[in-house]
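Novice: Read off the chains here:
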Amino acid sequence: MITLNINGKRRKVDLPSDTPLLWVLRDQLGMTGTKFGCGMAVCGACMVHIDGEPTRACVTPISTLATKKIVTIEAMAQDETGKKVQESWLAQGVPQCGYCQSGQVMSATALLKNQPKPSDADIDKAMSGNLCRCGTYPRIRAAIKQAAGIGEVQA
Amino acid sequence: MKIADKTSDASNPFQSADAVQIDNISRRTFIKQFALSGFVLAVGMPLLRADETAAPKANPKFGADAMPHGWVDNPLVFVAIAADGTVTIVCHRSEMGQGIRTSLPMVVADELEADWARVRIVQAPGDEARYGNQDTDGSRSTRHFFMPMRRVGAAAKQMLEAAAAAHWRVPVSEVKAVQHQVLHTPSGKAIGYGELAKAAAKLPVPTGDALRLKKPEEFRYIGKGKQGLYDGRDIVSGHAMYGIDTQIKGLLYAVVARPPVLGGKVASYDASAALKLPGVIKVVELPSTPLPAAFNPLGGIAVIAKNTWAAIQGRNALKIEWDHGQHASYDSVVYKAEMETAARQPGKVVRQQGDVDAALQGAAKRLEAEYYLPHLAQAPMEPPASTARIVKGQCEVWACTQAPQLARELVAKWLKLPEDKITIHVTLLGGGFGRKSMPDYVVESALLSQAMQGKPVKLTWTREDDLHHSYFHTVSLERLEAGLDAQGKPIAWLHRTVAPSISATFGPDSKQQMPVELGMGVINVPFVIDNLRIENPQAAAHTRIGWFRSVSNIPHAFAVQCFVAEMAAAAGRDHRDFLLDLIGPARSIDPNNLGDTWNHGESPAIYPVDTGRLRRVIETVTREAGWGRSLAKGRGLGLAAHYSFLTYVAVVVEVAVDETGKLSIPRVDIAVDCGPQVNPERIRSQLEGACIMGVSLATQGEISFKNGAVQQDNFHAYQITRIDDAPREIKVHLLPAAQFDSPLGGVGEPAVPPIAPALCNAIFAATGQRIRQLPIKEQLLKD
Chain B
1 MITLNINGKR RKVDLPSDTP LLWVLRDQLG MTGTKFGCGM AVCGACMVHI
51 DGEPTRACVT PISTLATKKI VTIEAMAQDE TGKKVQESWL AQGVPQCGYC
101 QSGQVMSATA LLKNQPKPSD ADIDKAMSGN LCRCGTYPRI RAAIKQAAGI
151 GEVQA
Chain W
1 MKIADKTSDA SNPFQSADAV QIDNISRRTF IKQFALSGFV LAVGMPLLRA
51 DETAAPKANP KFGADAMPHG WVDNPLVFVA IAADGTVTIV CHRSEMGQGI
101 RTSLPMVVAD ELEADWARVR IVQAPGDEAR YGNQDTDGSR STRHFFMPMR
151 RVGAAAKQML EAAAAAHWRV PVSEVKAVQH QVLHTPSGKA IGYGELAKAA
201 AKLPVPTGDA LRLKKPEEFR YIGKGKQGLY DGRDIVSGHA MYGIDTQIKG
251 LLYAVVARPP VLGGKVASYD ASAALKLPGV IKVVELPSTP LPAAFNPLGG
301 IAVIAKNTWA AIQGRNALKI EWDHGQHASY DSVVYKAEME TAARQPGKVV
351 RQQGDVDAAL QGAAKRLEAE YYLPHLAQAP MEPPASTARI VKGQCEVWAC
401 TQAPQLAREL VAKWLKLPED KITIHVTLLG GGFGRKSMPD YVVESALLSQ
451 AMQGKPVKLT WTREDDLHHS YFHTVSLERL EAGLDAQGKP IAWLHRTVAP
501 SISATFGPDS KQQMPVELGM GVINVPFVID NLRIENPQAA AHTRIGWFRS
551 VSNIPHAFAV QCFVAEMAAA AGRDHRDFLL DLIGPARSID PNNLGDTWNH
601 GESPAIYPVD TGRLRRVIET VTREAGWGRS LAKGRGLGLA AHYSFLTYVA
651 VVVEVAVDET GKLSIPRVDI AVDCGPQVNP ERIRSQLEGA CIMGVSLATQ
701 GEISFKNGAV QQDNFHAYQI TRIDDAPREI KVHLLPAAQF DSPLGGVGEP
751 AVPPIAPALC NAIFAATGQR IRQLPIKEQL LKD
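For the record, the sequence lines run as chains B and W. Read left to right, the first sequence gives residues 1 to 155 (my numbering). Read left to right, the second sequence gives residues 1 to 783 (my numbering).
One chain only, chain W, in its complex shape (with noise of 0.2 Å):
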């Protein structure tokens, strides 16, 4: 622990810290011997292709150990404890939402015996060598950090008891750390924790066998989901600072025209007009930089001005003509149709069991289906936003970032600084989704600080830019054929999914999907049948493919559990009943088994499949939901279940269609198995959200392109549900872990990717009227 001799909201007792690193080596677990092709998707920056990655590597490592600089649980690092008896606990993923500033922290506090009421938190710069790894995203901040943070807790309240122990020269066996202090209890003497902590810090840190981690039944906040958001009085009150909002004296303001083409560039341009107006200061020219894009500034005229609405006028009066290249003729009607091309043509065989066009030939019935999603935009409602400045080589920003560690590498390439001169404050982040675990912003704002000599220059993308220039969720065909045999039992399932990748962003030409992205529901069907084929066609990519929360299982659910329900209808059986029995008995699954050698980065052998688990949220939002109920003329229920992140969901969504069309939802049920439940408060949050985010992205959400460029330019034309078209009642029904030390599963994405095709399902439940298309939009309406 290091001390600080008051407590003060201004200082960071850790910014000074000399503290001791430990040796994050040693203490690696769980190596097996699987295939590494995981973390592709968790780093955000995708080194390998797809057919680099099958190669077994000897022991690979898995979780958070894989991820790049793992994780840290020196309590001298995360724990600081004033002489007051304040006690500070970093907090080194960024807050988007998902309330891990109060979940993680409350880890720390709960094994280290901490009062809440006395606990302040404070963000953690982007410093992986320090902090272990920092990319919040992959639903693993709770999943890869809770054992570490329990061990952070724990250190630091038996250095506490070793300290108090040695003040009163008692055996630390007499003294024992409760609420903020700590107990002799043969004496009933009681010492506070601010008067141990300066000589608590000088002793050694327990480790390995020597540390004792608190029992589940003695937990205080872990499992309890008392405790409100930390930054809840902030947030209602208008004081929590976002990266939008960072203040410094001398700010200067800045937007960016950015070429409307992925790979274009400024042709010529004219800034007399945008110079003349009140409050501009400057314009200066970003060099655009060659394709891949990476996380590369996309180019283009920066205005900076005295405040953001000049900023904005001036370039709303800049004239720029652009050099469209390579992609200015990406139009999303010629695409779909280019995709359906693909998709009804053999593709890259990804998994294959059984002899698949036998059992089509000689199946009693067949069927198939195509299933189109566009692309779609994150739209965080705070958009990417940063501000840098330079003073004597060494760079400051704050950023609304997901990603701290590789805006610092990044920012450190561009400024041609070395990285110990970058420092990356975290803000509060008005959402992330994806979007923000790509800082091409962050590097922007700080080239834009460079042209202005080093002043604190704050870059603000407005909504247009957020829409025009995301890093986007890829847009999809899924196209189905499956057989049936007389008695209506499946035989042979042919999925091809075509889908520019993620890879493509990153490399050049990448046309096929990363098992990363198979590995989101296309290849991994736990499903019994004898015969089953994926295959992967060809797509090209023509803007930036990017992260958006659940990534992949967004269209691959949709198609998957739309397709079952179309199935069973076909069988003229009950969808819940024909999706048990596809799903099979109670099992666990190899992944590797599946044709999935990511697995989410998790090791196979603590993560299977595990076919009961699903089959168990299955049955109890059914349940729950009432499922079989009568309903009234145009309601109908419609079943989907969902396994990514490790995690298992199933949803029932209702719906009501009014003789015009006119969708609502009065009321959706969800069931989750993410194994031990951390915060279940939070978590009950994160799924409703994740409920009305996958209702948005059914019913509205939509970026085409048109000439290469985005048609959508603002909240208008790129909706997202309001209040009175979001379900009017979600019922959350979490299940119980088996046991509390059985693995963790992710909880900010699996929820959102089985809410589309429960909805759609339901809507053939009321309606008689198969959705194939998202967004659903009008398709309902009646003449």
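Same shape as in the complex, but just chain B (with noise of 0.2 Å):
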């Protein structure tokens, strides 16, 4: 028995201790926002924070997370970073099956918590681990950028 600490709430678990924090998520305690893609960390799907680095839950042992802080899509609303994330989302028109999207704003979040102005590289370097098969990536940029407050900057 491992016991989470999820989204601030203290949650048990009862599986064995190489499962990954996705299907703990997804399957034994019905969150079912952060998504399936790959599983093995190269699609971006299932990010997550982990002591507020994004990380990919599918890879994520529940035995390495039992002193961790684990915050997941569904309390980006209760987020002041996230909240303007979804919000810059909506703006922008950024989703469109919006499947990947769960991943993206946990991955755009938690660039704007380590740089609130970050430049076209920095977005690059922190979205280019979470894949769209629809194609919003220039609206995922207008929307980070607008959530950061800054215009049109170039690289």
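If you are wondering where the hints come from, they were derived from the structure by calculation, not from laboratory data. It is possible that part of the hints are untrue.
[Unchecked claim] Pair by pair, the computed Cβ-Cβ distance ranges are:
(1) W:228 to B:51: 31 to 41 Å
(2) B:64 to W:419: 47 to 57 Å
(3) B:142 to W:179: 54 to 64 Å
For every residue, glycine included, the Cβ atom is placed at its ideal position computed from N, Cα and C.
Mind docking these for me? Both chains are given alone in their own frames, and the hints should help you get the complex.
Specialist: Okay, here's the thing in structure tokens:
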């Protein structure tokens, strides 16, 4: 039995310790906002924050998380930066199918917490781990800039 | 209108509706005397083979009329108004990122004079007899349902007005519905929709001439693009529910090990290690079905567990011996050579004018080129997933599907239950791109629930499953030859298109492309060349070929638009000027005269090929992109134009190739004429996305086979474009329609095909290097 701190709540999990956080969230706890896309840390759909660091839940076994703070997309509306990112995402009309956008919002929020005024190169670096098959990248970039309160800046 | 006493997100006021069904048949329009070879693609079930489609049928139907179950425009089916005024609108088309759950209900709301803030949307289950055709493919949802949805809204509004007039005992001519209430102008009285709904629902539904549609200048929402995405808030907060997110009490989780080679089956297996793993409940063999594959499950060994991870671990522990069957030697390198051989010999002539051979003999200059495009996987970010349960002889399914009625019919067939015992709930789709038109995975989930005595089972395809077992985009070899006269004018055009056909997935030994595939930009080139011949040599399929966004337009546009650029260079002319001359003057062409008997299932009279519109998008995009401007070393502009899905698109791509050969794309301009624009904001987002998908397939997309099996396992091997490699700037130029009642074109697909050729033409402009084989991958890199 492992106790996890997820979005400020303690959740007891009785699963093998090598189980990735992703499946605990989705199948055990019913928190389906964190998405499955690849299972090998190459698409970013499962991005969560572990002690503030953007982390891929699909390759993070719960055995490593006993003392950590886990934050998921479901808590972003209560996060000052996360809320700002969500609003700019809507204002720019970023989502198409929307499936990857949980992970995109989590990566963008982590970026803005670390770098409140990111350059284009910073955005490339922080967001290149998040795939979007619909191709919403130009709007993701614009939405990050809007959330950061910066106009069009060139790299 | 069905009356719901309360508004509740949990209740669907239509579930128990006993609304009257209207008779579609009497309303069918657009009936013309032309051959029907149309709806093979659109239905997603090719019942017709190439040779069977030529015979004209009496009274052919076009557009939505020609689709299974056509369309329905009964407001009692699509609109409900609660006592509190909440307007519920049904969306019967699948949402996969195109914004249809916003755009079509917005059309209803506009004609209904509903306040968008008081509209909620419910998704229809698969039930075409009730809702009309639901196959969400072929860039058809808005094209086919714009007018029916307008009529739905207008009829409901008139019923509310009639109810208000009766309530006040005034002539209906004195009342007017405005934003969720009906006003009586002479007295200044007003009454809300919620108060009127019950009485309005009992009134006759106005039809035909009694229906009054808005004039375009009266639209509030249509054409404005001001409505945010209906599901946007749920999406950005992680609350949107996709097929993979279904949760039911007592849910079991499954993954399946499928035969790695098409037509393969399990020879033997040992599940003992898998069954010892924690969380694994059961291992079930699913029988393989004989070819052709159609929409049948592939068979294999399923592991059912307490969670998805345990199921995956269980699958890893299976020991399976496969009997690979007849396609075990499929090898993409060998196959490419076979296609080249086929393309260098005459094939079935599918269009011919003049004498190509003589013209080539007499040409001052001759060119030839071969273009190769590999298989692609749709790879939606949400892989296929479906949940099923069977209770007391009724099967309920929750699935991300583009084809819910087809899924319903297939599940009924496989479970041997009547169709009315099957309910297909349509979730949001985390991308579709054609993959989710093929409901094999939905059938699998139903079979797995059946194997578990009807318990709810969620089947998840892992990314490996998705890439190994898709219905792949075809692989193609396009060979072109041309002759120019002494003045550089094109006088001969020979195109041999070699590609396994989608029809091979459904019929035995089908080796020719169907009219549907040929009509996607190879047979119907609207070029002014006296001597022209299109041939289709045979190609056998060794995997499941299926629909991928834009389908055969991708290889055809790539070859044709790259080759025209090569011809222009050979003629020593500017590419744009050469292309415009090749298209010739503005004129309206009957697609039948171009050998295209399909015409996207639409009437040739209503949807001719309009070279004036094609010219205009080329002129617009080159002007906006600054065609001809001077560029720094290593930079170049490339042009391509393509007509597909009844929409005209031209693209200019700007590339930069550095001294190491690294490619970047600073800017893309796209000009589009899709006719009237119902939701311009979502049109823009679709075009931006199509551009990036086009870049992705051009630069990185490749599924290859070795020993019959796919070689790419996951996104590390099947790369799709990331933000740092995407075009930095995409400028969309929407051309206004001549008038709002002109016919609608498609939007979701037509911008994909011209991207890759424009990109490769830009690379030539920047570097002098011709790319004739996709993906580009490392072709530009210097040693």
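Novice: Could you run down the list of hints and mark each one as holding or not?
Specialist: Status of the hints after comparison with the structure:
{"no.": "1", "hint": "W:228 to B:51: 31 to 41 Å", "result": "34 Å, holds"}
{"no.": "2", "hint": "B:64 to W:419: 47 to 57 Å", "result": "49 Å, holds"}
{"no.": "3", "hint": "B:142 to W:179: 54 to 64 Å", "result": "32 Å, violated"}
When the structure is compared with the earlier hints, a violation turns up for hint 3 alone.
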